[in-house]
Amino acid sequence: MAEQNLAQALTGALDHVLSTDPGTIVLGEDVGLTGGVFRVTDGLQAKHGPERVIDTPVAESGIVGAAFGMAIAGLRPIAEIQFLGFAYPAFDQVVSHISRIRNRSRHRFTAPLVIRIPYGAGIGAAEHHSESTEALFTHTPGLKVVIPATPADAAGLLLTAVADPDPVIFLEPIRSYRRLRGEVGDPPEPVAFGEAVLRQRGSDVTIISYGAMVPDVLEAAAQLGHTGTQADVIDLRTLVPLDIEAVLESVARTGRAVIVQEGHRTCGFAAELAASIQENALYLLEAPVARVTGWDTVVPLRRAEHHYVPSIGRIVAAVESTMRGV
Amino acid sequence: MAEQNLAQALTGALDHVLSTDPGTIVLGEDVGLTGGVFRVTDGLQAKHGPERVIDTPVAESGIVGAAFGMAIAGLRPIAEIQFLGFAYPAFDQVVSHISRIRNRSRHRFTAPLVIRIPYGAGIGAAEHHSESTEALFTHTPGLKVVIPATPADAAGLLLTAVADPDPVIFLEPIRSYRRLRGEVGDPPEPVAFGEAVLRQRGSDVTIISYGAMVPDVLEAAAQLGHTGTQADVIDLRTLVPLDIEAVLESVARTGRAVIVQEGHRTCGFAAELAASIQENALYLLEAPVARVTGWDTVVPLRRAEHHYVPSIGRIVAAVESTMRGV
Amino acid sequence: MLEILRPDGSIVGEPPFSMDETKRLYGAMVSARTYDTKGTALQKQGRLATYASFEGQEAAQVGAIATLRHDDWLVATYRDAAAMWMQGYPWVNLFLGRTGDERGGSPPVGVNVLPPSITVGAHMIHAVGLGWAEAHQGRDRIAMTLFGDGATSEGDFHEAMNFAGVFGAPVVFLCQNNHYAISTPRHRQTASETIAQKADAYGIPGVQVDGNDLFAVATAAQEAVARARDGSGPTLIEAVTFRVGPHTTADDPSRYRDVSEETEWRGLDPIDRVQRYLESLGEWTPEWNDQLAESAAKEIEAAIAEAEAFDPLGPSEIFEAMFETPTPQLERQRSLLVGEPDG
Amino acid sequence: MLEILRPDGSIVGEPPFSMDETKRLYGAMVSARTYDTKGTALQKQGRLATYASFEGQEAAQVGAIATLRHDDWLVATYRDAAAMWMQGYPWVNLFLGRTGDERGGSPPVGVNVLPPSITVGAHMIHAVGLGWAEAHQGRDRIAMTLFGDGATSEGDFHEAMNFAGVFGAPVVFLCQNNHYAISTPRHRQTASETIAQKADAYGIPGVQVDGNDLFAVATAAQEAVARARDGSGPTLIEAVTFRVGPHTTADDPSRYRDVSEETEWRGLDPIDRVQRYLESLGEWTPEWNDQLAESAAKEIEAAIAEAEAFDPLGPSEIFEAMFETPTPQLERQRSLLVGEPDG
Ligand SMILES: Cc1ncc(C[n+]2csc(CCOP(=O)(O)OP(=O)(O)O)c2C)c(N)n1
Ligand SMILES: Cc1ncc(C[n+]2csc(CCOP(=O)(O)OP(=O)(O)O)c2C)c(N)n1
Ligand SMILES: [Mg+2]
Ligand SMILES: [Mg+2]
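Residue numbers (my numbering), protein chains in the order written: chain A, 1 to 326; chain B, 1 to 326; chain C, 1 to 343; chain D, 1 to 343.
Since the hints were made in silico from the structure, they are not lab data. For clarity, every value in this text was computed on a predicted model and none was experimentally measured.
Pairwise CB distance ranges (calculated):
| hint | chain 1 | residue 1 | chain 2 | residue 2 | range |
| --- | --- | --- | --- | --- | --- |
| 1 | C | Arg266 | B | Pro187 | 41 to 51 Å |
| 2 | C | Thr37 | B | Ser203 | 52 to 62 Å |
| 3 | A | Ser321 | B | Ala192 | 29 to 39 Å |
| 4 | D | Gln45 | A | Arg324 | 40 to 50 Å |
| 5 | C | His187 | B | Glu183 | 38 to 48 Å |
| 6 | D | Ala293 | C | Asp230 | 55 to 65 Å |
| 7 | D | Gln45 | A | Ser321 | 35 to 45 Å |
Covered by chain C, per the in silico footprint, the following chain A stretches (three or more residues, Cβ under 8 Å):
| hint | region |
| --- | --- |
| 8 | 70-76 |
| 9 | 97-104 |
| 10 | 107-118 |
| 11 | 241-249 |
To give an idea of the interface, some chain B residues facing chain C are shown, with a C-beta separation under 7 Å as derived from the structure:
| hint | residue |
| --- | --- |
| 12 | Leu33 |
| 13 | Thr34 |
| 14 | Asp55 |
| 15 | Pro57 |
| 16 | Val58 |
| 17 | Ala59 |
| 18 | Ser61 |
| 19 | Gly124 |
| 20 | Ala126 |
| 21 | Glu127 |
| 22 | His128 |
| 23 | Trp295 |
| 24 | Thr297 |
| 25 | Pro300 |
| 26 | Leu301 |
| 27 | Arg302 |
Even for Gly, the Cβ is constructed at its ideal location relative to N, Cα and C.
Next comes chain A alone, as it looks inside the complex (with noise of 0.2 Å):
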């Protein structure tokens, strides 16, 4: 075990399955000599040479669109796009196509591939570099939709991704990549989907959260914690497949509910948590369940985006105020 920030311990995932796997390859706009614009493929293509770890032309379709007739054709494609403001060129095709062939074809043609997309706000980048719209995915049939709050985590998920059968978007949170630190085996532990974690255990509330958010809702809680709120705290790692009974065994202890995301409000995956919960849980809800969301605005720039974010503050705000069940 070795204490990694969540970027190396994707990038020793990244190798161990390049190193174990023949049929892997890592592909993506300036993944290779440059090891990536976050350096989580910092080394790769000198160790596994430039045909498994592909610098390609800036065309986010066509790397998608190669990496699902790879797949098709036997190859394990890990596709890479640089940010994800930048993967909305390549929606069609995951869409239309990726998410789609295993049952276009009953089965017949399948497309296990990965795609790695950092994403979230909070490092002050240009505009396009910060969202959270992790709910175009969840909402779309046919993809596994993976977002890892931790060092480990991160490892142990996209191994698993890897192996998985079936097309997996890998959402990787950009302001975690070198602010968290954890151990991580070697090689890596991999980690189940559809299992959510409970990082905190309490008993008058629970918060729901994965990825970039969850440190902050750990610190809301320890906070709460200190004035005498005592929060479960989930981590749900994959939102498809989701981990409703964690949620809703959580939720059937604490009679509480605080959602925290960062992705815009609106048709965010905070509102299918939210419609879930009360449709399985109603009677034993004590206050509304409460959502913490980023905004229906764009992601403000660097002197502003911190309005956007949810904050420790709101955090905690949303908590006290679900507590006088409100």
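Model the placement of chains B, C and D with the ligands on the given structure of chain A, informed by the hints.
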């Protein structure tokens, strides 16, 4: 007032705006010579000329991206995409540019344009011809999202869309094009955005829907009426802006809500509504807010698509279990 | 424009096939025409969803596929049933798909043909990925992709051609320029004089051939396939042809073109042309032709019967092929639909 | 490749500008270089978000824009500050944008320059729409769009070029081929020999020019602008230049290229070249140059001060420009954020 089907109502509204506003232009694949795949633009090129009703190459991103430039330069483009399943290649233009130019330029440049897109299943067409992915647009800040259910609303909302200072995604219910007939003014009466309409008044339960599902919801409500359950039926008409007041007002009276949506379940618009209703009215609810939706599957092809689209039976069953409090 | 077999059945240059092979391909074109005629007829009876006829494009499809190996990849469109069948995709699957049944998209194992592409433009890059992956794995299978003149306007055409050029992928791009994309004529699709010349933008060879000329198409395809197979990279072939029928059974061409255009092109029919050629060499008789037509009709009827014998997918089945193993969410939705108690 | 002003300052052919104009443009390039140097420096101090230097590309940008009318449209990228400024976009807006403030995207009314495009490729079709709309409204404004060699790989480049060709839109496509897209060298971006030749795929004239040659760029642009203005349609110009600095301040070029490549291209500096030309004609003195540099520095410092005097957008303001009038949903969200009671 003339009795028209929904397609004719749209043709009339387009003719009206082309006749009264020289800045309007219509563009899209096959909209001119042949009048569009659903004949909604029939006769418009002959009347208004090929410079104003423009047949384009097969390139959705190009259509929508060019319309964006045109709108900034002072025109009012009305772009057509042939089916919602062919809109994804234009998704980047919509999400990254059309929805954002006002914010990016702090009102200095704006993109008042309308993108008309037939949507929904029910005509047994090929794959990609049956999508109801309106949630992709409602999750995108900066877009208005309009889905008419009746001929008069189709015409009236289209006039409002063309006059709106911001971009409007205008989704037309394919299976209602010719099935529904109704009185339409000449010229049509504009219908304001953000004003839901109560299609039927009742006091036992609130059924909320929009677009292609509305006729089926009304049929289900009629059946329920025979067995003694009187439903408020709300047709939202516009999803953004959303008339949540009308929904909450009704739920306050009925204590029960059922949302009917053809789109995929996870993160669909029904999730947003359910989340919002319980946020605002938890203590008034006598049953969980129910969702009747399409499934998280590809819309099946012709022989099995009826398993996907919410049936009258499913709507009735959901209302009945809501009446029982489950 | 490469031409070998002239409309009158005479020959300039070298036919790429032996007489036996030519006769086999003539038979294939007859089968394809039989299927096509049947497709339109069944749609009119409500037994198929909208049908897209390829009448007039048989030489382009049959000629191109004749140059492939049985295990090469084919990625084609809703209008390419002849090509798909030639490459092993059974008629029954083609019919089944057109009845509106996903199982049409599942050809037998060993047939390396993807289900027909309904979206215009997106599928060419799939062929690039397929061919690339084959080469990467040290195999010499290649990929061929078919598309129309309209498809060349989509951004994905460009990305596919560019990737193929940069990575030297073993792909043959075959554009059937049938002069129309629904109602839009070729000259309003792009201002370039030919589609073949677009290859130059990607450092790829491009060639224009008479698409109603079985021999010209096959000659160009042979060369392209050989280049792909030996690692020399992709080729773009523009087969100039004409869609003599409507875009689909839902279309009315009289809204956008003069019937004289159709008549003129019917005079250039690709099957008639081979017939004249064979006849001039004493290799074609009405009896032989009847025999071909009859056995094609039988085969097609059998395929229809087989397709129509499928029971429609049941409610459970629509959830079954979204993933290898359905998620708990899908299981729950399945239960909701079929009325089973919620697990 | 069109060349007029050689690296040594000598001339082949006709300079497109009067001496006064040439000197004005020299001054503009000096200003642009001053801004650029300052941009990198401020970023290092944490006062700007990542900064993308255009060092070495001044001739391409200044030369092209010099041929536009003040009211023509310009749609350019994150690396085109010199061009945007030349077309009227104030330095203060450029700085403000780079501090991470949306108000940078709001140039004064009358300046027909869109905020810089951050996504690669999507913006060229905007120029097509702009130019097309101007012509449609009977005006003779044209649109110019700037983009890099990498951008030519995106599908939207293709759709933009194709639309421009089909509709004869009054657009000038100026590709600054600076040999890199982040780490990817030009020859791995596309297998076509030149970018200019891609124009042929759209029936559009394409021309390659020495992009470090102010006169060559301007000569080609003049011709293209005239064609656009008189209704003769679009042109693609490939200006061959080099990004001598890093992609952005976050980039480290030593990971992917040899420093000798940079050194070589520094020897072809576009500003030095004009200096040599002017000097050879007795029109350049160190004193004059100092004067230009000093006044540029002053102007730039003033713009920085002005930009930095803006208070950041407040919480309410992030909701204000999503629509002309915020929706009730946005009003409610605004209330939630600023803690006002919910309306
Ligand atoms: C992405 C997309 N846009 C639009 C359509 C609707 N559509 C179906 S076929 C067609 C025309 C295609 O023309 P072409 O590529 O020439 O092929 P052809 O039909 O002539 O064989 C169009 C626009 C589609 N299927 N997919
Ligand atoms: C759609 C999209 N994909 C990827 C990126 C990330 N990115 C930013 S600049 C760049 C390279 C662009 O190269 P080029 O077009 O040559 O312009 P240059 O930076 O050389 O001026 C890339 C890939 C982006 N901004 N947008
Ligand atoms: Mg065609
Ligand atoms: Mg470049």
